[in-house]
Each structure stands twice: as C-alpha cells, then as structure tokens.
Amino acid sequence: MQLHTLTLREASEMLATKQISSVELTQATLQRAHEIDPKIQSYVTLADDVALEQAKQADERIAKGKDLTPLTGIPFAMKDAISTRGVRTTCSSKILENYVPQYNATVTQKLADAGAVLIGKTNMDEFGMGSSCENSALFKTRNPWNLERVPGGSSGGAAASMAAGLCNFSIGEDTGGSVRMPAGFCNVTGIKPTYGRVSRYGLISLVSSFDCIGPMTRDVYDCATVLETIAGHDPQDSTTFNSPVPQYNQNLNKTVKGMTIGIPKEYFVSGMDAGVENAIQQAIRTYEKLGMKIQEVSLPHTQYALPVYYLLLFAEASSNLARFDGTRFGLSASENAKDVIDIYLQTRHEGFGDEVKRRIMLGAYALSAGYYDAYYLKAQKVRTLLRRDFELALSSVDILLAPTSPTTAFKLGEKTNNPLEMYLSDIYVVATNPAGVPALALPAGFSNNMPVGMQLIGKHLDEQTLFQVGHAYQQVTDWHKQNPVIGD
Amino acid sequence: MTNKIDTDMVKHVANLVRLGISEEEAQTFSGQFSSIIDYFNMLNEVDTENVPPASDTTNNTNVLREDVAEPSMSRVEFLDNAPQSERGYIKVPTVLGDES
Amino acid sequence: MTQYEPVIGLEIHAELQTRSKMFCSCSADYSNAPEPNTFICPVCTGLPGAMPVLNKKAIEQATLVGLSLNCSINEFNTFARKNYFYPDLPKGYQISQYDLPIASKGWLDILDDTDSPMRVVVRRVHLEEDTAKLAHEKNYALVDFNRAGVPLLEIVSEPDMRTVEAALSYATKIRAILRYLGVNSGDMEKGILRFEANVSVRPRGSSELRTRTEIKNLNSFRALTRASAYEIERQIKVYENGGEVVQETLGWDEAHGVTISQRGKEDAHDYRYFPEPDLPPLQLDRNWINSIKNQLPELPDAKNRRFMEQYELKRREASLLTAEKSLADYFEEVVSKSKSSAKTVHSWLTGEFMRYMNDSGQTLEDITLSAAQFAQLIDMVTDKSISGNSGKVVLNEMLNAKRNCDPSQIVKEKNLAQVSDTGFIQEAIEKILSDNPREVEQFLAGKETIVQWLMGQVARATKGKADPNIAKDLLVKTLEARRK
Ligand SMILES: [Mg+2]
Ligand SMILES: [Zn+2]
Numbered sequence: 000m001q002l003h004t005l006t007l008r009e010a011s012e013m014l015a016t017k018q019i020s021s022v023e024l025t026q027a028t029l030q031r032a033h034e035i036d037p038k039i040q041s042y043v044t045l046a047d048d049v050a051l052e053q054a055k056q057a058d059e060r061i062a063k064g065k066d067l068t069p070l071t072g073i074p075f076a077m078k079d080a081i082s083t084r085g086v087r088t089t090c091s092s093k094i095l096e097n098y099v100p101q102y103n104a105t106v107t108q109k110l111a112d113a114g115a116v117l118i119g120k121t122n123m124d125e126f127g128m129g130s131s132c133e134n135s136a137l138f139k140t141r142n143p144w145n146l147e148r149v150p151g152g153s154s155g156g157a158a159a160s161m162a163a164g165l166c167n168f169s170i171g172e173d174t175g176g177s178v179r180m181p182a183g184f185c186n187v188t189g190i191k192p193t194y195g196r197v198s199r200y201g202l203i204s205l206v207s208s209f210d211c212i213g214p215m216t217r218d219v220y221d222c223a224t225v226l227e228t229i230a231g232h233d234p235q236d237s238t239t240f241n242s243p244v245p246q247y248n249q250n251l252n253k254t255v256k257g258m259t260i261g262i263p264k265e266y267f268v269s270g271m272d273a274g275v276e277n278a279i280q281q282a283i284r285t286y287e288k289l290g291m292k293i294q295e296v297s298l299p300h301t302q303y304a305l306p307v308y309y310l311l312l313f314a315e316a317s318s319n320l321a322r323f324d325g326t327r328f329g330l331s332a333s334e335n336a337k338d339v340i341d342i343y344l345q346t347r348h349e350g351f352g353d354e355v356k357r358r359i360m361l362g363a364y365a366l367s368a369g370y371y372d373a374y375y376l377k378a379q380k381v382r383t384l385l386r387r388d389f390e391l392a393l394s395s396v397d398i399l400l401a402p403t404s405p406t407t408a409f410k411l412g413e414k415t416n417n418p419l420e421m422y423l424s425d426i427y428v429v430a431t432n433p434a435g436v437p438a439l440a441l442p443a444g445f446s447n448n449m450p451v452g453m454q455l456i457g458k459h460l461d462e463q464t465l466f467q468v469g470h471a472y473q474q475v476t477d478w479h480k481q482n483p484v485i486g487d
Numbered sequence: 000m001t002n003k004i005d006t007d008m009v010k011h012v013a014n015l016v017r018l019g020i021s022e023e024e025a026q027t028f029s030g031q032f033s034s035i036i037d038y039f040n041m042l043n044e045v046d047t048e049n050v051p052p053a054s055d056t057t058n059n060t061n062v063l064r065e066d067v068a069e070p071s072m073s074r075v076e077f078l079d080n081a082p083q084s085e086r087g088y089i090k091v092p093t094v095l096g097d098e099s
Numbered sequence: 000m001t002q003y004e005p006v007i008g009l010e011i012h013a014e015l016q017t018r019s020k021m022f023c024s025c026s027a028d029y030s031n032a033p034e035p036n037t038f039i040c041p042v043c044t045g046l047p048g049a050m051p052v053l054n055k056k057a058i059e060q061a062t063l064v065g066l067s068l069n070c071s072i073n074e075f076n077t078f079a080r081k082n083y084f085y086p087d088l089p090k091g092y093q094i095s096q097y098d099l100p101i102a103s104k105g106w107l108d109i110l111d112d113t114d115s116p117m118r119v120v121v122r123r124v125h126l127e128e129d130t131a132k133l134a135h136e137k138n139y140a141l142v143d144f145n146r147a148g149v150p151l152l153e154i155v156s157e158p159d160m161r162t163v164e165a166a167l168s169y170a171t172k173i174r175a176i177l178r179y180l181g182v183n184s185g186d187m188e189k190g191i192l193r194f195e196a197n198v199s200v201r202p203r204g205s206s207e208l209r210t211r212t213e214i215k216n217l218n219s220f221r222a223l224t225r226a227s228a229y230e231i232e233r234q235i236k237v238y239e240n241g242g243e244v245v246q247e248t249l250g251w252d253e254a255h256g257v258t259i260s261q262r263g264k265e266d267a268h269d270y271r272y273f274p275e276p277d278l279p280p281l282q283l284d285r286n287w288i289n290s291i292k293n294q295l296p297e298l299p300d301a302k303n304r305r306f307m308e309q310y311e312l313k314r315r316e317a318s319l320l321t322a323e324k325s326l327a328d329y330f331e332e333v334v335s336k337s338k339s340s341a342k343t344v345h346s347w348l349t350g351e352f353m354r355y356m357n358d359s360g361q362t363l364e365d366i367t368l369s370a371a372q373f374a375q376l377i378d379m380v381t382d383k384s385i386s387g388n389s390g391k392v393v394l395n396e397m398l399n400a401k402r403n404c405d406p407s408q409i410v411k412e413k414n415l416a417q418v419s420d421t422g423f424i425q426e427a428i429e430k431i432l433s434d435n436p437r438e439v440e441q442f443l444a445g446k447e448t449i450v451q452w453l454m455g456q457v458a459r460a461t462k463g464k465a466d467p468n469i470a471k472d473l474l475v476k477t478l479e480a481r482r483k
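Protein chains in written order, with numbering that gives the first Met the number 0: chain A, 0 to 487; chain B, 0 to 99; chain C, 0 to 483.
Note that these hints are calculated values from the structure, not bench results. Bear in mind that the values here come from a model prediction, so they are computed numbers and not experimental data. Check the hints yourself; a few may be wrong.
Across the chosen pairs, the derived CB separations fall in these ranges [stated by the list, open to error]: (1) C:V245 to B:V50: 53 to 63 Å; (2) A:K337 to C:Q282: 29 to 39 Å; (3) B:P52 to A:E334: 40 to 50 Å; (4) B:V50 to A:E334: 48 to 58 Å.
Derived lysine-lysine pairs resembling DSBU-like cross-links, with alpha carbons at most 35 Å apart [as the list claims (entries may be wrong)]: (5) A:K139 to B:K10; (6) A:K337 to C:K137; (7) B:K90 to C:K413; (8) A:K458 to A:K264; (9) C:K132 to A:K337; (10) A:K109 to C:K137; (11) B:K10 to C:K55.
What the simulated footprint calls covered on chain A by chain B, stretch by stretch (three residues with Cβ under 8 Å from a Cβ of chain B suffice, anywhere in the stretch; the number is not a length) [as the list claims (entries may be wrong)]: (12) 98-108; (13) 344-353.
Virtual Cβ for every residue (Gly too), placed ideally from N, Cα, C.
Using the sequences and the hints given, assemble the complete structure.
Structure follows, in structure tokens:
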C-alpha cells in the first residue's frame, strides 16, 4: 500500500474504517519527509511533535466517533506565510527566521478544529515575492518532477510537498498565481478562491486586496473538501463574505453537458510553448466530448494585467512590510543600532532579500507625492477595467479556460538575473487577483515530461461551477494521478 | 512619460521605507527600476477617463463590531518575541525627533 | 512700523471614550491598566497577519461630534493608511481617514477677545487610531502599547482665529462640547485631549496667508496660550528683522517658555496615503445619521440661552454654570427643589460652593451633597432662620461631611439658629457698650463709621445668630440714647 499517494478522501476512509490510525499515517508521512525532503526542500519546518500530538488527539476523536470531519487525522502542510501558534512562521525571510507566532491564523484554527494534522510549514518565495521559490531567503525548493527545475512560486514548497507525497493536502496562498502556477508546474490541483471567501486573519499579508488562501490537493474532490472547511465569514477579517459556504461535493457529479467554456483569445497569442498549447487544446477537445460548448471570448485589457498587478503589489507590500522593523519581533539589529532610525535601516537591510527590497522601494515610489496619480491611482483605475473584462466575458459563458503558465517549469537560475522576465512568467495568472474572481488549477498533461497546468476561471463566489467542471475533467483523464519518481 | 530612476531617487525611496542601502546597491537598483517603471508606463495607453478606481472587489460595507472589551493576550509571550524589553516595556534605542 | 495680525488654526486630538479600542477588542481604558503592555493583542501591537475590525461605537461618537459642530456627515467614508516609521506606531502606518473623513465643513460660534461673537469654520473631523506611549530614558526609550489603537478624533479648524484669546475660547468650547457629549473626559494632563496650533502672522489689513509653523503636543490651555503667544512674537521679530519664517514643526518647552524646532526632516513628510485595503468602506445612511442626531443633548450654547431666559441670568452668569453640563444639571436640580429665586441659587453655587471645590481641588463628581439638602439650606437663609454667614458655615460642614446630612440638624448642633429676640440682643449691646467706652465716645464725637465695628462685636458676642437688621436698629437706638 502506497500511503504517500493516497488522496485525502482515500486516507479519510482508511482512518474511518480503522485500517490505519492517524498516528501511523502521520509517522509514515513524517518519516518519508525526513527521507525524501532533503532532495526537494519543500519544508522549512517539520513539526514532528505538534503533528504526533494532533494525530493522537485525532485518533481519540475517531475512537469516540464524535466530531469527525473529512479532515480528522489527515496530515497536511501549511505555507509558511500562515501563522501557527507555537510553530515557527518565517515567510521564508531572514527577518522572520526565528519568529514563533503567539496566535493562530483563522485557517490554522479551523483546520485544528476539524482535526487535521499539521506536518510542517512549506517554503516559499520570501513574503510571496517571486514565481519560482528561488527568492526564499532560506533555501531553494526543487521540482519533484525534475530536481534541476523550479517548483514555481510563490507557494512552491506547498506544491512540491504535495507532488512528492509529503502530505495529504497542502495549504497555499495565491496573490497573483502563487497557488495555480506552482500547481501547474508540479501536477497538483489547487484553487485560488474568490477574494474574501477564506479569512486572511493570521496570513502574513503581501497584498491585502489580492491575497487568497487556497488548498492544493491530488484532485478536485479533495480541493472542494478542504475549501469547504476553511472558507466562510470571519469576524476578524472584515473583507470576508457573509454568504454561507456551499457543500461543494454534493453537486460535484452534476453533468457539464450544455455548459459553455469561454476561451480568452488574448491568452492564446505568441509566447506560449507549443507543448503547453497542445495540452490545452487537447483539454478543450476533452470538454467538447463531454458535451460542453466552446466559445471564444475577449479580455481586452489582459496585456495591462501585469503592470496593474505589480504596481498595486509594490504599493501595498511597501506598507504591509513596514511592521518588520526590528523592535517587537523577528530579526533585530538592536545590538549595534545607535538610535531607532538605525535599527530600522540595519534590520531591514540585513533582513530583506533583494526582491523584497526592490518591491518595497518601488511601492514607496508609486505611492509617493508626485507619482501617486500616475502609478498607484492609474493602476487602480485600470483594475476596474480588468474586473469589468471578467464580468463581461463571464456573462456569456459559464467559465473561462486558460493555461496557468506559458511554459512548463524552468530551470533553477534561468530567470533570476532578470526580474522583469520573471514577472512575465505570471502572465496568465495575475489578472484574476485584481479582479477577485476564483480560479481552479488542474493537471492537463505533460510536455517533455514536465507537467502542464490549466486553470478554470469562474464568476464571483462560484467555486461550485469550477469544481463541477474540474471534476468532470478528472473523471475522464488521469493526468492528476501521475506521480513523479524522485531522482537524485 | 519616461522616468529615469537615478541613484538619488533610489536612496530617497529607500529612506522612505527605512531601508539601508549601499552606494553599489543604489546603482544596481537604479538600472533595474528604470526598466521596470518603463514597462509600467504602458498603462498610459489606457483611457481611464470616467473610470473609478477599484480598491476592493467584495463590495462589503459597514463591517463593524460591537464595543465590547475582551481580555488581552499574554504579555510574557509578547515580550519573549521582542529583541529587547525592560520592566514590561518594549525597549528601543534612543528616539530622535518626532515623526508623528 | 507694520502692525502684525496673528492667524491661528487649531487641530484638536480627542480620544474617544469607548470601552474597546478602535480596531480590536482590547480595553481602551489604558490609564487604568495595571501594568504596561497588558491591554494588547496581535492587532494593536502590529503582529504579522493581524487585521483591524472597526468599532461601531467609535463611528457613533465621531458622528455625534461632527453633528454637534454643525458639520455635514459624509455618507461615504473610507479609511486610509498614513505611512511613517516611529516606535510608537506598531504597523509602520496609522489607520486614519484622508480624502473622505467622517464629517466636514462645520462651524462653531465663539466669543473673541473683545467678547464679540465670531464664527470658526471646522474644516474636518476624522477618526484615527492613537499611538503607543513612549517613555524617553537616558540612552533608550520604552514602549507601552496599552494606548495603541485607542480611537482618536482629529478636529481641524480653518485658520480663522486672530487672537490667542479667540483660540483659547474655541479650544475651551470644543472641550465643553466633547464633555457634554460624553465622548471625552477633557483630561489634558493625561493627554486624553491635546492641541496643536498652526500659527502665522501677517501685516494687519492684509488677507494673505503667510508661512505657518505647527506647534505640537500642547497639553493644557496654558501651554496653548503661552506657546501661541510666544510663536506670534517670534515670527513678528523674524519679519521685523527682514527674515522669512520657515515652515516647520515645533515643540513647546514648558519649562523655558519657548518653542523649539523639531529635528530637521531630511525627507519632508511624504505619508504615502492610500486606501486601507483591510477595511471596507462605511456607508452611513440618512436614517442612521438622523438617529444619531436624535441622541444629541442640549449643547452649551442652547443651554446658555435657555438659562438666560428661564432663570433671568446675565450671559456671564449663565455661562459660569453651563461650562460644565454636570454643574448646569446640578443648578437646575437645586432650583427645582428650592423656594428661593434662581438668582439666589446661582450666587450660592458660584460663590461659596465653587470656592469650596476650588480650595479642596474637588470636582462635582466628588460632591455628595444632594440638591435637595442644598436647596433646604439656601431656603433657611432666605427665610432668615439662619444668617448668611451661618449658612456658609453649614454648607462647608455639609460638604466636608462627605455624606448626606440634614442642614437643620447642623444648625441645631452648632446652635446657629438666628435670633430676633430683642431682649437677648439688647443685653449683648449693653455689655459691649460698657466694655468699650472709648468707641462710644468716638461715636458721640461724630464718627459714625464706628457703628460697623460695633456691629462686628455684636455678631461675635451672639455667635452670628443675631438678625443683623434688628441688631443694627437696636445698637443705633442705644447709642443715640447716650447723647442725652
Ligand atoms: Mg492625525
Ligand atoms: Zn488590541
């Protein structure tokens, strides 16, 4: 029995029927992580003690048969941007390398309440700033499908831990593709929910108005299960929706026949790898065979999504990262600082990596007197147009379909010297975040033995349709069931 | 509009976000910033006359809490995380001037 | 020589007296915190990932203040981040309001230095969060976050005031209104209310606005007046010496009575305001605003007018009472329980009663004397059952007693009841005149003023109980009898 390739649902059934205990499953997962992960480096922290304690409690719940949820006893990994009380939370930054939160994020608490077992915290680009996980200040994560290649970013560790079988599900966070792009690179299913669907309380903010926590799983069914657990209104996050969370899995098997898929024409122009395009075209044909209609649509402002996304990211991040000042937590240059300004300058110089520095400086620039209108305000206006693009396109079709990246996973170091080129790798995933709409990423085949990802983009709060259409695809394909052979 | 971001501007924005940088770093960033900002300038092509800015996609309004006081978090744990503390206070180096 | 005219605007920071902080559920009652950093949570200490949630009461109180200053309440409100670094600002930004404050374009009528009415325009009233408290030690500083995140109202006037007296009058009135509304204690020593003055001067008759300076952290009316007066003089001297005033932020050195330039800013303030993405906007509808309007109490001006009319008081007399709502209420209660005139009650309240409070440093909240018993005492004097002087003695007794007590009981205990028994008074007069033959001689020689001195002797001998009118009659009669 291959424990590490179990879906969440399969593992849950084994726990429920007492074929295995949560402690056994957790021990096996931790053992595999200690063996395999040194090659992948997906985890920043393995929380052995916490995991085994939670597993023991889960087993007690299972024994009593009370308060059981589909996640009770299931090992999972958490992106290291989400606060976990008592477990180091680094955002893969030197400035937080030894920071241990004294409170739980709402998502952490919800998962703990559901009985899920926290295996560890996964690597990421520092503060989520990157598309390859190479901007982690701690170490670089590798793609389980090819150790010379990147896992994508910024939730690279989350995707890699999932693909390498080092957890049964993984919690990522998507600010501008950070769940979907690495999911595509690593052959994992993942969702960026509607902005405001999942509480951000306790998520270390990158872009407050874009950030979305979302699960990464082996298939759509599991993805729906986890989202249902973590979604919902949170009195501590004023940007969450009040509307009830649907029971997604109850309608998963509804037919997709007669529904319409929109293909944004702006996404199928130059720059896409032939192998990627091929896989996506095949996926479209698969949907046609399932009785869906295909219709070309237009998102006319697509080419402006990247500058809008990055400008607003820089601006908000420059403010969100101001609290890392060396006085209350985290790294501090207090030993040598002659005054308080000095502690700021030195702490932040030592604590932040180059990409973080670039972005917060450019953010200050975009917000500063004299440039605000030309950059920040202009970007907010074009953001309105991006949002209208999606509303209009989605008024005539049920969902949109597009690739998650123009290429498959690139080599480590390939783009690190050119920030702008790195930004361009996010071209298909960034527009959804300024618009707030949900998008589901799922495996769509392979090109030169590397996974190709596609995404389905839906209407505001309509994750249900995304799951339904994604699930239909996974019923007739088995890309998502492919697992990498971890080499040396 | 083209904005060459020279090293003086780099140092200015670095100071705004309280980031110490060396002369050499200022040089490197200056080159990178100019090409990034150049790229952003493509937004000038878009006609945004009569387009309102969007800072929020939820359309939530009036999210308020009742005025009820609740117990606080542990001071011991708060101070444990702090680089320096004294008699229950957070300790910081000398503060010059008044920024507020 | 050019005559200069000051141009003064005030920014008033008033903490709102909510139970919890502006964006978190920590207690806002920081001045009663047992220890530093005990009223704290992830939100108000700026821990990574923590998020603000708006306090409903703060919005209500801010709206009340806006309405009481005749502002229009903005139905669409947003919050903004003001970005700067300082150790008392945990997030590296202050959540404030920028282009869409809760209230704007109001006014307040005050009396200027010549007691003529004038109108000060209130530019805006906005909500923000207070900062932590910083204690400067010799080589370091200590930070206490108990105050961080307490709701703070910023009331900004136009530079409409032309004298220090007008500025003081405006500040005093704002304080009274805030106290009337019950949203701020007005305590300046604790920093619950604090002022910032924008000062410039210009040649009299000119309408230009010259470069102004900002004086920060004025924590008393005295500091406000002294600092503004000093700054006006300083600027006039600068111009007289052919110099230019530099726009800068100043501090006030109370000990030396001078304004001092804060350390020069290499980067002029660039706060990089932008909309706070963690807080959805506020949409205040008309009905809600009207419901807050209905909560407005009678404010000092209206009360003053009513007191002048209803109690036939002069403006100054009325305003002595209406400066504090609690005093005005107490006055009305005493009047309603007393048979004496409102004027009489007024003179008791603003006389002996206030003298007691000033001397003992007590406030009305400390006073246990009930309005009913105060009224009873005043009536005893009015109907002459005790003398005015005895009344003062009894009042002080009752105020000192720290409990309710019956004034007639004290009168009995102290044997203070006024005597109109002429036999008893005559006896006393006879004795005084025979004990003081020299003074009698002086009277007979024509020095009539000696009567006053002799009256004092009578009051002393009768322990103040003699009805003064009767006593004087008898004394003069007895003296005149000696002429023959
Ligand atoms: Mg302010
Ligand atoms: Zn708090």
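Worksheet item: Taking only the CA atoms, is the gap from K109 of chain A to K137 of chain C under or equal to 35 Å?
Response: violated (47 Å)
Worksheet entry | Restraint check for K10 of chain B with K55 of chain C, where alpha carbons must lie at most 35 Å apart | violated (42 Å)
Discussion item. Just to be sure I understand the hint, the distance between the Cβ atoms of K337 of chain A and Q282 of chain C should be within 29 to 39 Å; is that true here?
Written reply: violated (49 Å)
Worksheet entry | Satisfaction of hint between K337 of chain A and K132 of chain C, Cα-Cα up to 35 Å | holds (21 Å)
Worksheet item: Taking a Cβ-Cβ distance under 8 Å as contact, does the segment 344-353 of chain A have three or more residues in contact with chain B?
Response: Per the Cβ count (5), the hint holds.
Worksheet item: Would you say the segment 98-108 of chain A counts as covered by chain B, given the rule of at least 3 residues with C-beta under 8 Å?
Response: Our answer is that it holds, as 4 residues pass the Cβ test (under 8 Å) against chain B, meeting three.
Worksheet entry | Whether the CB-CB distance between P52 of chain B and E334 of chain A falls inside 40 to 50 Å | holds (44 Å)
Practice prompt. Would you check the hint for K90 of chain B and K413 of chain C, treating anything up to 35 Å between C-alpha atoms as holding?
Written response: This hinted pair is violated, its Cα atoms lying about 61 Å apart.
Fill in: Restraint status (C-alpha distance of K458 of chain A to K264 of chain A at most 35 Å)
holds (18 Å)
Worksheet item: Are V245 of chain C and V50 of chain B spaced within 53 to 63 Å by their CB atoms?
Response: violated (41 Å)
Worksheet item: Has the hinted range 48 to 58 Å been met by the Cβ atoms of V50 of chain B and E334 of chain A?
Response: Because 51 Å falls inside the window, the suggested range holds.
Worksheet entry | Hint consistency between K139 of chain A and K10 of chain B [alpha-carbon to alpha-carbon, up to 35 Å] | OK: K139 of chain A and K10 of chain B at ~30 Å, within 35 Å.
Comparing the model with each numbered hint stated earlier shows that hints 1, 2, 7, 10 and 11 do not hold.
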